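Undergrad: Chain residues, written in single-letter form:
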Amino acid sequence: MDFDPARPIYQQIIDNFKKMMIRGELRQGDKIPSQREYAEMSKTNPNTVQRAYRELENLNLVETLRGQGTFVSIHPEQLESIRDEMASAVLGSCIIEMRSLGFNDKEVRDRLEQMQGVKKEAASDDRI
Amino acid sequence: MIEFKGVSKSFGRTVALDAVDVTFATGKITGLFGPNGAGKSTSLKLISGLNRPDRGEVIIDGRDPFYSKVQIAYLPEIDHLYPWMNIRQAASFVSSFYGDWDQERYRELLSFLNLDEEMKLGKISKGQRAKTKLLLCTARRSKYLLLDEPLSGIDILTREQIIQTLIRDFREGEQSIIISTHEIAEVESLVDEVIFLDRGQVRLQGEAEQLREDRGMSLVDIMKEAFRNAN
Numbered sequence: 034m035d036f037d038p039a040r041p042i043y044q045q046i047i048d049n050f051k052k053m054m055i056r057g058e059l060r061q062g063d064k065i066p067s068q069r070e071y072a073e074m075s076k077t078n079p080n081t082v083q084r085a086y087r088e089l090e091n092l093n094l095v096e097t098l099r100g101q102g103t104f105v106s107i108h109p110e111q112l113e114s115i116r117d118e119m120a121s122a123v124l125g126s127c128i129i130e131m132r133s134l135g136f137n138d139k140e141v142r143d144r145l146e147q148m149q150g151v152k153k154e155a156a157s158d159d160r161i
Numbered sequence: 031m032i033e034f035k036g037v038s039k040s041f042g043r044t045v046a047l048d049a050v051d052v053t054f055a056t057g058k059i060t061g062l063f064g065p066n067g068a069g070k071s072t073s074l075k076l077i078s079g080l081n082r083p084d085r086g087e088v089i090i091d092g093r094d095p096f097y098s099k100v101q102i103a104y105l106p107e108i109d110h111l112y113p114w115m116n117i118r119q120a121a122s123f124v125s126s127f128y129g130d131w132d133q134e135r136y137r138e139l140l141s142f143l144n145l146d147e148e149m150k151l152g153k154i155s156k157g158q159r160a161k162t163k164l165l166l167c168t169a170r171r172s173k174y175l176l177l178d179e180p181l182s183g184i185d186i187l188t189r190e191q192i193i194q195t196l197i198r199d200f201r202e203g204e205q206s207i208i209i210s211t212h213e214i215a216e217v218e219s220l221v222d223e224v225i226f227l228d229r230g231q232v233r234l235q236g237e238a239e240q241l242r243e244d245r246g247m248s249l250v251d252i253m254k255e256a257f258r259n260a261n
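Protein chains in written order, with this note's numbering: chain A, 34 to 161; chain B, 31 to 261.
Simulated from the structure, these hints should not be mistaken for lab results.
Just so you know, these numbers come straight off a predicted model, no measurement behind them.
Do not rely on the hints blindly, as some may be mistaken.
Claimed, not checked - Example chain A residues on the side facing chain B (calculated, C-beta under 7 Å, incomplete):
id, residue
1, F36
2, P38
3, A39
4, R40
5, P41
6, I42
7, A72
8, E73
9, K76
10, T77
11, N78
12, P79
13, N80
What the hints assert, rightly or not - Simulated pairs of lysine-lysine, DSSO-like, Cα-Cα distance not exceeding 30 Å:
id, chain 1, residue 1, chain 2, residue 2
14, B, K75, A, K76
15, B, K99, B, K156
16, B, K35, A, K76
17, B, K156, B, K75
18, A, K64, B, K58
19, B, K153, B, K75
20, B, K35, B, K99
21, B, K150, B, K75
22, B, K58, A, K52
23, B, K150, B, K99
24, B, K173, B, K156
25, B, K35, B, K58
26, A, K76, B, K254
27, B, K58, B, K173
28, A, K139, B, K58
29, B, K35, B, K75
30, B, K173, A, K76
31, B, K58, B, K156
32, B, K75, B, K99
No residue lacks a Cβ here, since even glycine has one placed at the ideal position from N, Cα and C.
Excised from the complex, chain A in its bound form (with noise of 0.2 Å):
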C-alpha cells in the first residue's frame, strides 16, 4: 500500500476504506483487519493506524467488538452521503486544476462530454 507522503496518511486510510465501502467491496458486517495487521501490511506506523480507526469509528462507518475485531457498520445512506463526498472532492480539485490550467467551465464541461463520447462510441464499436 502505497501513501502520498505530501498528505496525512491517517486520512488516506481512511479514504481508502470509504472507497471500498462505496464500491461494494466492503459490506455492511465484513471484517476488517484488526490494527495491528493494518499497520504491518501498509507497513504504517501503528498510531497512524490507531488514529484513523477511531475516526472511522466516530464516522460510524466501522464498529469494534471486544475480542472479535472490527466490523463494517455503514447504513445505505451512509454509503450515498460518502459517495457524493467523494465525487466533490474529485470534481472539485479537477475544476480548480482545470481552471488554473486557463480553461473556462465551458470549455471543461465540453471537453469532459467529448471525452466521454469517444469512450462510448468505442464501446459500441467493440460489439461490432
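Position chain B against the provided structure of chain A, taking the given hints into account.
TA: Just chain B, lined up with the frame of chain A:
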C-alpha cells in the same frame, strides 16, 4: 519521556550540539533527521548515557540517563560487535547484560530475518550485519529504542524487513523509538514526530501528520525547505 534542556556538547572545537531544547515524545516513533555532523549521533549517545553534555541537562523520566541505562536499547552506527563471535555468542553476550532479554522473541526474529545462529559476524554481508544489530536490540523488551542509521547502505529488501520488524514489535504508547536516519523517504509512514537538526541546532520539530496537513508537503520536501531557509 526524554528531555534536552539547553544541551550543549563540543568535541574539541567542533560544536556538536548548541543549547538544544527538545522533547522526545513517549510512546511514539521520532525521526531524528539532518545532514552529517548535525548532532544526531551525539544526541543518541547522550540519551544512552555513553556521553555527557558540557552544558545543560538530559533528563529521562525525570532522572539522569545513568538510571535509565537498563531501559535503553541502543543500536549504534558503527559495527560494535566482535567479528569473531557468531550470532549465538553475540546474543548470549548481550542478553547477559540485560534483564529484559526475550529469548523466544530472539528465536522468532532470527527466523523472520533469515539469520542463522552459526553465522560469524565478521564474515556476513552488510545487510546481514544490519539485521543482526537490529535483532540484538529488539530481542529486548526495552522501553526506549535508539537506532542510529539502521538503514544506511542497506539494500532495499533488507530495509523493508527492518522496517517491518520495527512496526511489528513496536509497543505503541508504551515504547519510545528514536530513529536517526538519512533515508527520510523510507520512514515517511513510520514516524509520528520529527526533529530536524542542523549544525547542532533544532531547525524544525513537530508531528509528521500535522506538518503534512499544514504544508501539503512530504517530510523530505519539508526538510529540504527548512535547510534552504537556514542557509
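Undergrad: Kindly indicate which numbered hints from before are broken by the structure, ordering the numbers from low to high.
TA: The structure breaks hints 16 and 28; every other hint is satisfied.
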